[in-house]
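Residue numbers (numbering that gives the first Met the number 0), protein chains in the order written: chain R, 0 to 314; chain G, 0 to 376.
Because the hints were derived from the structure by calculation, they are not lab data. Each hint should be verified, as a subset may be incorrect.
No more than 20 Å apart at the CA atoms, straight line, and that leaves these computed lysine to aspartate or glutamate pairs for EDC-like [what the hints assert, rightly or not]:
| hint | chain 1 | residue 1 | chain 2 | residue 2 |
| --- | --- | --- | --- | --- |
| 1 | R | K237 | R | E264 |
| 2 | G | K251 | R | D177 |
| 3 | R | K201 | R | E170 |
| 4 | R | K231 | R | D208 |
| 5 | G | K251 | R | E165 |
Some chain R residues judged to face chain G by a derived CB distance under 10 Å, without partners named [claimed, not checked]:
| hint | residue |
| --- | --- |
| 6 | R2 |
| 7 | F3 |
| 8 | I5 |
| 9 | V6 |
| 10 | L13 |
| 11 | G52 |
For every residue, glycine included, the Cβ atom is placed at its ideal position computed from N, Cα and C.
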Amino acid sequence: MVRFLIVLAAVVVLGAGATAYALRSPEKASVEVEAGPVELAPGRLVFVDDVSGKVASVPLGAPAGPRRVSSLSCKRFFTAARQGLCLADGSGPLPGAVAVFVDQGLGEQRRVEVAGVPNRAKLSASGRMASWTTFVTGDSYAQSGTFSTRTAIYDEQTEEYSSNVEGLRVEGMRMSDDMNFWGVTFTPDDRTFYATMSTAGKTYLIQGDAVDSTAKTLRENAECPSLSPDGKRVAFKKRVAGDGARPWRQHVLDLATMVETPLAETRGIDDQVVWLDNDTIAYGLPGEGIWAVPANGEGAPRQLVPHASSPSVVS
Amino acid sequence: MYIATARQAPAAGGTGRIAANVLALGAVSLLTDVSSEMVTAILPLYLVLGLGFSPLQFGVLDGIYTGVTALVRVVGGHAADRWQRRKLVAGLGYGISALGKLGLLAAGTSATAMGLVLAGDRTGKGLRTAPRDALITLSSEPSALGRAFGVHRAMDTVGAFLGPLVAFCLLWTLPARYDVVFVVSFCFAALGFLVLVLFVRDHRDVLPRVAVSLRNAFGLLRSRPFRRVCLVACGLGLLTLGDGFIYLLLQKQLDVEVAYIALLPLGTAGVYLLAAVPVGALADRVGRWRIFLAGHLALLGAYALFLGTSGIALLVGVLLLHGLFYACTDGVLMAVAGPMVPEELRTSGLALLQTGQVLARAFSSVLFGAMWTWFAW
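When you get a sec, could you build the whole thing from the sequences and use the hints?
Spelled out as structure tokens, the structure:
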């Protein structure tokens, strides 16, 4: 009898402790908010507000100032050509995601249910081609716990939707089940794209063709490419030796000369960066907000927006 | 060689009731499984999304420990026998795993710390399994061993069911609060540990102590029936596809939506849960060894279904046969081997058998993985 009482008491104590722990709200960062609608208007930097999880914006000229916060919740947001792509958590206990296309006033235009956990989202400069990446467990043979990525491409003009770009024929590579693709960035022709492919433990920068589903590898050891506005350079993260948990350094590759330049940011950037203009890239650092660094490898990183992630700029 | 026939006595007036000790061990396993399956379900999410590990790093972290646990099993089994302290060794294993959940919180973003914590967790699992199974055999009437293991495994599986459910519901209500999942997981593990301490009775009969040594433990293999069991179990282990392959094959053939892949193992577990007790009882009646072999026929049947059927028949058939395979083999094998090993070496013997089986299955997984990649099926 005593033993049952002890167990009962333990249930109560542990239950209360866990509940108290769960409810202890993590201290909320305070950010300055101003009233006003969030619109995809030129000259504004749009991002996900870490405090509320909503899409917010600031003037590009005063990024540290008060922000406008919308009612649209996203894990990842990207804007181009006055349109927006919001990759958000799905509703339900199992991991799932939803890709929401929004107009200039963040009004919903279309939504696509997606499997997995939101990771990357990008639109082509014209807004026609959309692509997003999610993490998915369970479709790997080796271990029940391992991960793979699924990357979708959506053509807004033809409404053609490919839920997973696996099946891309990569020049000089055997088709294999462990090929994973992520982090797509389109060129202005809305057909050619750059992306990451991983297979057999290595990553590659690939140049792909969305129409005939072919690709070629350009370089080994490159993830999450992002094409510059002039289309001449690609920023990507590269695995470097050293710290095991945060092993990346951001580089910029000149596509004409294939010369790569490490950037001045030495903290590991785990993000698909954006180009603010032809000379500057911006990126999120978990817990550190949004930062910018010159694309030529010189200068020093500076903080743009605190308590924010997933930047993109309305041009 | 001393054969454990002394314990036949209670069987003569056998009541057929499951010993309180077995139920207590079942409850401990249930609570511990809720705890560990909660973490298993979300750990990849946490490592890759929360901490930014690459999937490759995660695979490496996950992979290195199989060898470690194999060694720990044999050493732990030997220690439990040498001091006749099975509850102590099992408790050590459950305790290490419980503390490991707090370790996950403390490890923060360090890959090294995370690796150490995971290694600790595996060590705990390796330590506790054999003494727990030895206690089950020592607490049960020999004539009803199959059923006793059936009850234990069914309770264990209930925990495996609840774990992911609890974890995903927590993350649903408290998005991205992986820390809360770890805290709740620790609470379940601590409860399991407490139940073990309070309700499980150790089995410490006065036994001949001379015979307990590592040499004698391996010497068990000189006994023909036990050697046969070990050889056959390892041999069949080599031919057993890992669960992951079965689910992946199903997904490929049926084009299952990715969101539902996580539900496939629940199908297997459900059948296992329902069949464990009746199959265990059946094994007691018609012969445990026969049922163990029949279980592998069921697995063979599941493979065969991939060649001949499709659609819903394939899905239901494979999950049914796969669940039956587990019901016919997992606890039943321990019920087969237990009585063959003298009581004073019970834990070592079971540890030896489990280690062999684990290594054989790990080897077959690696082999099939390589073939899979190579032939790009």
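Quick rundown of the hints versus the structure:
With a CA separation close to 13 Å, the supplied pair R/K237 and R/E264 stays within the 20 Å bound. Between G/K251 and R/D177, the direct Cα distance comes to roughly 14 Å. Compliance with the 20 Å bound is thereby established for this hinted pair. Distance hint between R/K201 and R/E170 is fulfilled; the C-alpha atoms sit about 16 Å from each other, no more than 20 Å. A distance of roughly 17 Å separates the Cα atoms of R/K231 and R/D208; the hinted pair therefore holds under the 20 Å criterion.
At most 20 Å may separate the alpha-carbon atoms for a hinted pair to count; G/K251 and R/E165 meet this at roughly 14 Å. With its C-beta approaching chain G no nearer than about 4 Å, R/R2 sits inside the 10 Å limit, and its interface hint holds. Given the 10 Å rule on beta carbons, the hint for R/F3 holds: about 9 Å separates it from the nearest Cβ of chain G. With its C-beta approaching chain G no nearer than about 6 Å, R/I5 sits inside the 10 Å limit, and its interface hint holds.
A least Cβ separation of about 6 Å between R/V6 and chain G falls short of the 10 Å threshold, and the interface hint therefore holds. Checking R/L13 against chain G: minimum C-beta separation of about 4 Å stays under 10 Å; hint holds. About 8 Å separates the beta-carbon of R/G52 from the nearest beta-carbon of chain G, less than 10 Å, and the hint is met.
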